[in-house]
Each structure stands twice: as structure tokens, then as C-alpha cells.
Amino acid sequence: MSRKYKRKEGVQVRVCFWTTESLQAAFDEMDKKTMGINEISRQFGIPSRTLTICCQK
76 MSRKYKRKEG VQVRVCFWTT ESLQAAFDEM DKKTMGINEI SRQFGIPSRT
126 LTICCQK
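90 is the number that my numbering gives to position 15 of the sequence shown; each next residue is one higher, with no gaps.
These are computed hints drawn from the structure, not numbers from a lab. Hints are not guaranteed to be accurate.
[What the hints assert, rightly or not] Restraint-style ranges between C-beta atoms, simulated for each label pair:
{"hint": "1", "residue 1": "Q87", "residue 2": "M110", "range": "40 to 48 Å"}
{"hint": "2", "residue 1": "F102", "residue 2": "K79", "range": "17 to 25 Å"}
{"hint": "3", "residue 1": "Q131", "residue 2": "M110", "range": "17 to 25 Å"}
{"hint": "4", "residue 1": "K83", "residue 2": "E114", "range": "14 to 22 Å"}
{"hint": "5", "residue 1": "T127", "residue 2": "E96", "range": "24 to 32 Å"}
{"hint": "6", "residue 1": "T109", "residue 2": "R82", "range": "40 to 48 Å"}
{"hint": "7", "residue 1": "K83", "residue 2": "T109", "range": "42 to 50 Å"}
{"hint": "8", "residue 1": "G111", "residue 2": "K81", "range": "23 to 31 Å"}
The C-beta atom is built at its ideal place from N, Cα and C for all residues, glycine as well.
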């Protein structure tokens with residue numbers, strides 16, 4: 076059994092595709108409370124779980 080971990084070939088690594096500006100704009104929308112988190116996540120392309128975790132901090 077090998078001791079070094081080898082990542083499977085062909086598996087893609089998750090990378091965030093949003094910018095800090097879009098994240099800040101999403102937080103501004105959350106502060107206004109005009110839309111829900113799921114709507115904001117669809118509009119800005121940010122996962123809803125990311126928004127809830129960052130909002131709690």
C-alpha cells in the first residue's frame with residue numbers, strides 16, 4: 076500500500092468562480108432583505124451555503 080495520496084485522474088477540483096465584488100454586492104442585497112438567500116445566490120452565481128456561512132461570521 077502506497078503512503079502518498081494520489082488524486083484520481085479526471086476529477087475536477089472545486090474552484091470559486093465569484094469575485095469579492097459580487098460577494099459584497101450579494102451581502103448588500105442580504106442587508107436590504109428584499110430577496111431571499113436562494114434568489115441572491117442564483118442572481119450572483121454564489122452557492123447559497125457560502126452566503127449563509129459568510130453571513131454568520
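Q.
Under the constraints set out in the numbered hints, which ones does this structure not fulfil?
A. 1, 2, 4, 5 and 8
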